[in-house]
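> Protein chains in written order, with our numbering: chain D, 25 to 194; chain X, 110 to 509.
Where hints are given, some of them may not hold.
[As the list claims (entries may be wrong)] Derived SDA-like pairs (lysine to any residue); straight-line CA-CA distance at most 20 Å:
{"hint": "1", "chain 1": "D", "residue 1": "Lys79", "chain 2": "X", "residue 2": "Gln135"}
{"hint": "2", "chain 1": "D", "residue 1": "Lys87", "chain 2": "X", "residue 2": "Lys273"}
{"hint": "3", "chain 1": "D", "residue 1": "Lys141", "chain 2": "X", "residue 2": "Lys339"}
{"hint": "4", "chain 1": "X", "residue 1": "Lys339", "chain 2": "X", "residue 2": "Glu267"}
{"hint": "5", "chain 1": "X", "residue 1": "Lys131", "chain 2": "D", "residue 2": "Lys141"}
{"hint": "6", "chain 1": "X", "residue 1": "Lys139", "chain 2": "D", "residue 2": "Leu28"}
{"hint": "7", "chain 1": "D", "residue 1": "Lys79", "chain 2": "X", "residue 2": "Asp138"}
{"hint": "8", "chain 1": "D", "residue 1": "Lys84", "chain 2": "X", "residue 2": "Gly289"}
{"hint": "9", "chain 1": "X", "residue 1": "Lys333", "chain 2": "X", "residue 2": "Glu396"}
{"hint": "10", "chain 1": "X", "residue 1": "Lys273", "chain 2": "X", "residue 2": "Thr205"}
{"hint": "11", "chain 1": "D", "residue 1": "Lys141", "chain 2": "X", "residue 2": "Gln260"}
{"hint": "12", "chain 1": "D", "residue 1": "Lys81", "chain 2": "X", "residue 2": "Lys333"}
{"hint": "13", "chain 1": "X", "residue 1": "Lys131", "chain 2": "D", "residue 2": "Lys142"}
{"hint": "14", "chain 1": "D", "residue 1": "Lys84", "chain 2": "X", "residue 2": "Lys131"}
{"hint": "15", "chain 1": "D", "residue 1": "Lys180", "chain 2": "X", "residue 2": "Glu267"}
{"hint": "16", "chain 1": "D", "residue 1": "Lys141", "chain 2": "X", "residue 2": "Asp138"}
{"hint": "17", "chain 1": "D", "residue 1": "Lys142", "chain 2": "X", "residue 2": "Glu396"}
[Claimed, not checked] Example chain X residues on the side facing chain D (calculated, C-beta under 10 Å, incomplete):
{"hint": "18", "residue": "Pro255"}
{"hint": "19", "residue": "Glu256"}
{"hint": "20", "residue": "Gly258"}
{"hint": "21", "residue": "Gln260"}
{"hint": "22", "residue": "Lys339"}
{"hint": "23", "residue": "Pro340"}
{"hint": "24", "residue": "His342"}
{"hint": "25", "residue": "Thr391"}
{"hint": "26", "residue": "Val393"}
{"hint": "27", "residue": "Lys394"}
{"hint": "28", "residue": "Glu432"}
{"hint": "29", "residue": "Pro434"}
{"hint": "30", "residue": "Gln435"}
{"hint": "31", "residue": "Leu436"}
{"hint": "32", "residue": "Leu457"}
{"hint": "33", "residue": "Ile466"}
Honestly, the hints are just simulated from the structure, not real lab data.
Backbone N, C-alpha and C define an ideal beta-carbon position, used for all residues, glycine too.
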Amino acid sequence: MDKLIKEAKQGDSDAFTQLMQLQMQNMYKAARALLDNDEDVADAISETILTCWEKIKQLKYDKYFRTWMTRILINKCNDILRKKVNLFFTDEIPEIPSYDTRFENIEWKEALNVLDKKYRLVIILYYVEGFKTSEIGQILDIPDSTVRSRLARGRKWLVNEYDSKRRETV
Amino acid sequence: MSRRDTIEVLQMEVDIPDVVQKKANQTFDKIREDKVEVGADAKIIPYNMQIKTVSKFYKKRIGIIVAVVTLALATVSVAAAYLNWSKSLSEGLQATQEQKVQMEENNMSTFVDQACTDQGITVTAVQSITDNYYTHIAFKVEGYEPEEGLQPDFETMEVTVDGKDDFSYGGGFYDGLIQGTDGGVANADGTPLDTDENGGFIEHYVMDDGSLEYRITLANAHEKGYFINKPIHVELYNLGTVSKAEYFNEIEGTWSFDWDLQGSEDMKECTLNIPLGDTSATVVKAELSPISLRAEYEFPRQEVSDTGLDENGEEISFNSYAEPPQLSGVKMKDGTLYPFLYLGPGSLGYESEDTDIYMTAFAIDRIIDVEQVESLLFIKSYPENEEPLTEDNFYVVPIR
Numbered sequence: 025m026d027k028l029i030k031e032a033k034q035g036d037s038d039a040f041t042q043l044m045q046l047q048m049q050n051m052y053k054a055a056r057a058l059l060d061n062d063e064d065v066a067d068a069i070s071e072t073i074l075t076c077w078e079k080i081k082q083l084k085y086d087k088y089f090r091t092w093m094t095r096i097l098i099n100k101c102n103d104i105l106r107k108k109v110n111l112f113f114t115d116e117i118p119e120i121p122s123y124d125t126r127f128e129n130i131e132w133k134e135a136l137n138v139l140d141k142k143y144r145l146v147i148i149l150y151y152v153e154g155f156k157t158s159e160i161g162q163i164l165d166i167p168d169s170t171v172r173s174r175l176a177r178g179r180k181w182l183v184n185e186y187d188s189k190r191r192e193t194v
Numbered sequence: 110m111s112r113r114d115t116i117e118v119l120q121m122e123v124d125i126p127d128v129v130q131k132k133a134n135q136t137f138d139k140i141r142e143d144k145v146e147v148g149a150d151a152k153i154i155p156y157n158m159q160i161k162t163v164s165k166f167y168k169k170r171i172g173i174i175v176a177v178v179t180l181a182l183a184t185v186s187v188a189a190a191y192l193n194w195s196k197s198l199s200e201g202l203q204a205t206q207e208q209k210v211q212m213e214e215n216n217m218s219t220f221v222d223q224a225c226t227d228q229g230i231t232v233t234a235v236q237s238i239t240d241n242y243y244t245h246i247a248f249k250v251e252g253y254e255p256e257e258g259l260q261p262d263f264e265t266m267e268v269t270v271d272g273k274d275d276f277s278y279g280g281g282f283y284d285g286l287i288q289g290t291d292g293g294v295a296n297a298d299g300t301p302l303d304t305d306e307n308g309g310f311i312e313h314y315v316m317d318d319g320s321l322e323y324r325i326t327l328a329n330a331h332e333k334g335y336f337i338n339k340p341i342h343v344e345l346y347n348l349g350t351v352s353k354a355e356y357f358n359e360i361e362g363t364w365s366f367d368w369d370l371q372g373s374e375d376m377k378e379c380t381l382n383i384p385l386g387d388t389s390a391t392v393v394k395a396e397l398s399p400i401s402l403r404a405e406y407e408f409p410r411q412e413v414s415d416t417g418l419d420e421n422g423e424e425i426s427f428n429s430y431a432e433p434p435q436l437s438g439v440k441m442k443d444g445t446l447y448p449f450l451y452l453g454p455g456s457l458g459y460e461s462e463d464t465d466i467y468m469t470a471f472a473i474d475r476i477i478d479v480e481q482v483e484s485l486l487f488i489k490s491y492p493e494n495e496e497p498l499t500e501d502n503f504y505v506v507p508i509r
């Protein structure tokens, strides 16, 4: 990955494409933790790809590429959440293609839905993407202590959720 | 599904949906075809911006931005003006009468009283509280009442200060909920929390007089005095509700404001040079204002190796910098601990790539009397089993 980052910084669009294709799993999971539908995720990821290409020369230390990219992605997701228009109660027929994603990644989405929204992103960034709490703090612009506290509450929430589900099935 | 199962499933490789991959590929094609240069400022047309519609829930079709009426009525009354504090700043920041008087006297809190009406909704910029790095602004919204249980929100906002927008900002309608001393949620008016059928806390957006309050916070922790005495422009667009992270528009309108922020540089600045245990971090100085905390550490960079998962779920090792203990709260002279004061926005990190000076700053969730602060609290450890933090869990740094 280091080689691809260096080549991308030199303006090699093929290397950049390869680099970002390698990040698609990570980007999809992080964006899906915030956004409820795949069309929005597609927008967020595409905006992130473009911004990363525009700004990659400004990345001083290659080892922070993933932290930097994820921060951009989260900002794009937040932009979408703020700017979102109502698509569901429309008087017009949407002009966008319709994609049925109901059966894609069904187990993964079920696991995601188990997580309370408040804790989803930190849990995905920590357990799935392998960021340290301090890196998550930098990505989300919140103190490390807040990340740790959200993780602790998320873990507790998961345990409680599991216990309640177990009680339901007993 | 157990906690472990849930996390393991989340770590599984997923199929990238066609809609996502296809759009990413279009972007890669655009880049490879040299349609976007490095450093260019291009925009993707979002799927969800391709159509703009009006909700059919509303029979009366609402015209788009018919007129913007801005009434500049900037007046400030002095005598007993604290009685007019906005609820989101007074109750939301838990201000005492004494604090209100003091903050008006030094101009940290000022009244704006500038109203703008569009689509029958009157939004009034009521009050601002501004220190060296942060400003809170409260807007009263009259003529709109969201359906019970729904969270009101403006669709977007734009803010510039002195014509620039190189700062962070966020906003939301005041819901009557605050962070309790234990870091948990509490009703600002002291009444017990109510929960809905899903266990969510019941928010109280509508005031006794039927109005709502929208509060925004601007932050620039890197430039002292950034907001003070600067012209500010705020535009709020469209009004609706948010549910499950989705915005539902109800009223298309624009509410626009221009005035000069005031504010105060008053703060307590302390030179400390106090080491935090054996962490190699030394708190060099701190700045305390009634609405924010800022600390600078000398913290030589320490590369640390750690492990994580790569994009394929394989364990990898990587290097990063260690973090110093984080500033979390304060201890008052009467012994009261406020262990969680973070409201945000906040900043943290090394001041530049060439220095070992590490900085953290954040807006706090209540107004504090800085002269009554005895010590700063930096997180040392977390108790087992999520028990409440005690003084033993902090590096306690007395201020002078």
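> Hint by hint, say whether it matches the structure.
Each hint tested on the structure:
1. D:Lys79 / X:Gln135: holds (19 Å)
2. D:Lys87 / X:Lys273: With Cα atoms ~31 Å apart, D:Lys87 and X:Lys273 exceed 20 Å; violated.
3. D:Lys141 / X:Lys339: Violated: D:Lys141 and X:Lys339 sit about 38 Å apart, past 20 Å.
4. X:Lys339 / X:Glu267: holds (16 Å)
5. X:Lys131 / D:Lys141: Cα-Cα ~27 Å, so violated.
6. X:Lys139 / D:Leu28: holds (19 Å)
7. D:Lys79 / X:Asp138: Given pair D:Lys79, X:Asp138 holds - Cα atoms ~18 Å apart, limit 20 Å.
8. D:Lys84 / X:Gly289: violated (40 Å)
9. X:Lys333 / X:Glu396: Holds, because 11 Å separates the two Cα atoms, which is no more than 20 Å.
10. X:Lys273 / X:Thr205: violated (34 Å)
11. D:Lys141 / X:Gln260: holds (16 Å)
12. D:Lys81 / X:Lys333: violated (29 Å)
13. X:Lys131 / D:Lys142: The given pair, whose Cα atoms are some 30 Å apart, is violated under the 20 Å limit.
14. D:Lys84 / X:Lys131: Violated, at about 30 Å.
15. D:Lys180 / X:Glu267: violated (38 Å)
16. D:Lys141 / X:Asp138: The hint is violated at about 34 Å.
17. D:Lys142 / X:Glu396: Status violated; Cα separation ~31 Å.
18. Pro255: violated (15 Å)
19. Glu256: violated (14 Å)
20. Gly258: Constraint on X:Gly258 not satisfied, violated at 17 Å.
21. Gln260: Check failed: Cβ of X:Gln260 comes no nearer than 12 Å to chain D, outside 10 Å.
22. Lys339: violated (23 Å)
23. Pro340: violated (24 Å)
24. His342: Status violated, d = 18 Å.
25. Thr391: At 18 Å from the nearest chain D Cβ, X:Thr391 fails the 10 Å test, so the hint is violated.
26. Val393: This hint is violated: X:Val393 lies away from chain D, its Cβ roughly 18 Å from the closest one there, beyond 10 Å.
27. Lys394: Violated, because the Cβ-Cβ distance from X:Lys394 to chain D comes to roughly 18 Å (cut-off 10 Å).
28. Glu432: Given a least distance of 4 Å, the restraint on X:Glu432 holds.
29. Pro434: holds (9 Å)
30. Gln435: Holds, because the Cβ-Cβ distance from X:Gln435 to chain D comes to roughly 5 Å (cut-off 10 Å).
31. Leu436: Since the shortest Cβ distance to chain D is 8 Å, the answer is holds.
32. Leu457: holds (6 Å)
33. Ile466: Cβ of X:Ile466 sits 16 Å from chain D, so the hint is violated.
Hint check: violations occur at hints 2, 3, 5, 8, 10, 12, 13, 14, 15, 16, 17, 18, 19, 20, 21, 22, 23, 24, 25, 26, 27, 33; the rest are consistent with the structure.
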